[in-house]
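One letter stands for each residue in the lines below.
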Amino acid sequence: MSEQKPTAQGDVPEQLERALAAEVSLRSRMRHVAVGLAGGGGAALVAVLWATEPDPLPARTQLAFAGLIVIGLAWTGFAGWVLSRRRPLFARDRVLGARLALGATAVTAVAGTVLAAVRGTAADVLATAVGGVVLTAAAVLVLVRARSRRRELLRLRDALRRGAS
Amino acid sequence: MSGDVRDGLLVVRCQLGEREAFRELVGVWHAPLRRYLQGMAGSPHLADDLAQEVWIAVVRGLPRLRQPERFTPWLFTIARRTVTDHLRQAYRAPATPLEEAAAVVAEGDELSGVLTTMQIEAGLSELPPPEREVLILFHLEDLPLAACAEVLGVAPGTVKSRLHRARRMLRTILAERGYEA
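If you read the sequences in order, they're chains A and B. When the letters of the first sequence are read in order and numbered with this note's numbering, they come out as residues 1 to 165. When the letters of the second sequence are read in order and numbered with this note's numbering, they come out as residues 1 to 181.
Calculated from the structure, these hints are not laboratory results. Don't be surprised by glycine CBs; every beta carbon is placed ideally from N, CA and C. Just to be clear, a hint being listed does not mean it is correct.
Simulated coverage check for chain B against chain A, where a stretch passes if three residues somewhere in it have a Cβ under 8 angstroms from a Cβ of chain A [unchecked claim]:
{"id": "1", "stretch": "3-17"}
{"id": "2", "stretch": "41-52"}
{"id": "3", "stretch": "151-160"}
{"id": "4", "stretch": "165-178"}
Between beta-carbon pairs, the in silico distance windows are [unchecked claim]:
{"id": "5", "chain 1": "A", "residue 1": "Ala-122", "chain 2": "B", "residue 2": "Gly-61", "range": "47 to 57 angstroms"}
{"id": "6", "chain 1": "A", "residue 1": "Val-70", "chain 2": "B", "residue 2": "Glu-20", "range": "13 to 23 angstroms"}
{"id": "7", "chain 1": "B", "residue 1": "Glu-20", "chain 2": "A", "residue 2": "Ala-64", "range": "40 to 50 angstroms"}
{"id": "8", "chain 1": "A", "residue 1": "Arg-99", "chain 2": "B", "residue 2": "Glu-126", "range": "50 to 60 angstroms"}
{"id": "9", "chain 1": "B", "residue 1": "Ala-146", "chain 2": "A", "residue 2": "Val-107", "range": "30 to 40 angstroms"}
{"id": "10", "chain 1": "B", "residue 1": "Leu-87", "chain 2": "A", "residue 2": "Gln-15", "range": "18 to 28 angstroms"}
{"id": "11", "chain 1": "A", "residue 1": "Glu-152", "chain 2": "B", "residue 2": "Ala-122", "range": "26 to 36 angstroms"}
Far from chain B, by Cβ distances over 12 angstroms, these chain A residues were calculated [what the hints assert, rightly or not]:
{"id": "12", "residue": "Ala-19"}
{"id": "13", "residue": "Ala-22"}
{"id": "14", "residue": "Arg-31"}
{"id": "15", "residue": "Trp-50"}
{"id": "16", "residue": "Gln-62"}
{"id": "17", "residue": "Pro-88"}
{"id": "18", "residue": "Ala-91"}
{"id": "19", "residue": "Ala-123"}
{"id": "20", "residue": "Val-125"}
{"id": "21", "residue": "Ala-138"}
{"id": "22", "residue": "Leu-156"}
{"id": "23", "residue": "Ala-159"}
{"id": "24", "residue": "Gly-163"}
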């Protein structure tokens, strides 16, 4: 059997190149990361707002808040589905996305805690702060893992390059 | 640079997110992939459509590929699944008993040394999909027996058996056309 010798040729159809360029677009991925973070952050802040409301809310307002939370979570779920199935993040994208997630989570946690401090009881503040810390810690973990995976791939790339030369 | 190292390096660069590496990877593998798809599907237009479908699936699955050196069988496994979905109605692969496969291993194959790429391509269209597929993977794409087995989802012995049957069928077809070696 002869050695596998596929050769680089200029015979890749333009349409395919365009489709693949769209498929690997960084902008598209980061857009979905942003959508997911905005949805999750928005839902969290509305939840804090609702939880720290001193007086019982009218039914319509409760319905509106619940609707906003569901919409926010739906966007987060949709972004998660896209980023896992249709536009999975490559190592560099993952690091970038994790940094965005850490920033957004920290901002949401601080904003939520401030909101709870202004409007709620000490228990509300504590619960919000603990929730914020947990989510921020999760974001830190995601960033650490993303950077670790990228370093691992960089090492592998360098080893393969050395082996090739 | 050997093919495996080159492919492994390209795959790792793709997994890192180097966009230029995708162009290179597609440039290297598009022609063999399209040849496989055209051999299986028969129509050049359908092969183009399927190739695009395969490449999109490859791009989407690449971040999860944990063994970059296994790119080739992985690529052809995706291609096979894609083309099989399109050919499902016509695709009726008969199961091959392992005993038959074992018998073929011991048996010499008088055709293996005389078939050329042109001859195989000439008779491919008249073979049933399972036999056509194994000939394309083994003879035209030059995949090792183990990689063929991985792509086809069968034991290496079954690949040998199927190859043997495919060659016999091809010989009959070629003999009818006056290609007899």
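Results of checking the hints against the structure:
{"no.": "1", "hint": "3-17", "in the structure": "holds (count 11)"}
{"no.": "2", "hint": "41-52", "in the structure": "holds (count 3)"}
{"no.": "3", "hint": "151-160", "in the structure": "violated (count 0)"}
{"no.": "4", "hint": "165-178", "in the structure": "violated (count 0)"}
{"no.": "5", "hint": "A:Ala-122 to B:Gly-61: 47 to 57 angstroms", "in the structure": "holds, 50 angstroms"}
{"no.": "6", "hint": "A:Val-70 to B:Glu-20: 13 to 23 angstroms", "in the structure": "violated, 42 angstroms"}
{"no.": "7", "hint": "B:Glu-20 to A:Ala-64: 40 to 50 angstroms", "in the structure": "holds, 48 angstroms"}
{"no.": "8", "hint": "A:Arg-99 to B:Glu-126: 50 to 60 angstroms", "in the structure": "holds, 58 angstroms"}
{"no.": "9", "hint": "B:Ala-146 to A:Val-107: 30 to 40 angstroms", "in the structure": "violated, 52 angstroms"}
{"no.": "10", "hint": "B:Leu-87 to A:Gln-15: 18 to 28 angstroms", "in the structure": "holds, 23 angstroms"}
{"no.": "11", "hint": "A:Glu-152 to B:Ala-122: 26 to 36 angstroms", "in the structure": "violated, 48 angstroms"}
{"no.": "12", "hint": "Ala-19", "in the structure": "violated, 6 angstroms"}
{"no.": "13", "hint": "Ala-22", "in the structure": "violated, 10 angstroms"}
{"no.": "14", "hint": "Arg-31", "in the structure": "holds, 16 angstroms"}
{"no.": "15", "hint": "Trp-50", "in the structure": "holds, 37 angstroms"}
{"no.": "16", "hint": "Gln-62", "in the structure": "holds, 40 angstroms"}
{"no.": "17", "hint": "Pro-88", "in the structure": "violated, 4 angstroms"}
{"no.": "18", "hint": "Ala-91", "in the structure": "violated, 5 angstroms"}
{"no.": "19", "hint": "Ala-123", "in the structure": "holds, 42 angstroms"}
{"no.": "20", "hint": "Val-125", "in the structure": "holds, 40 angstroms"}
{"no.": "21", "hint": "Ala-138", "in the structure": "holds, 20 angstroms"}
{"no.": "22", "hint": "Leu-156", "in the structure": "violated, 5 angstroms"}
{"no.": "23", "hint": "Ala-159", "in the structure": "violated, 9 angstroms"}
{"no.": "24", "hint": "Gly-163", "in the structure": "violated, 6 angstroms"}
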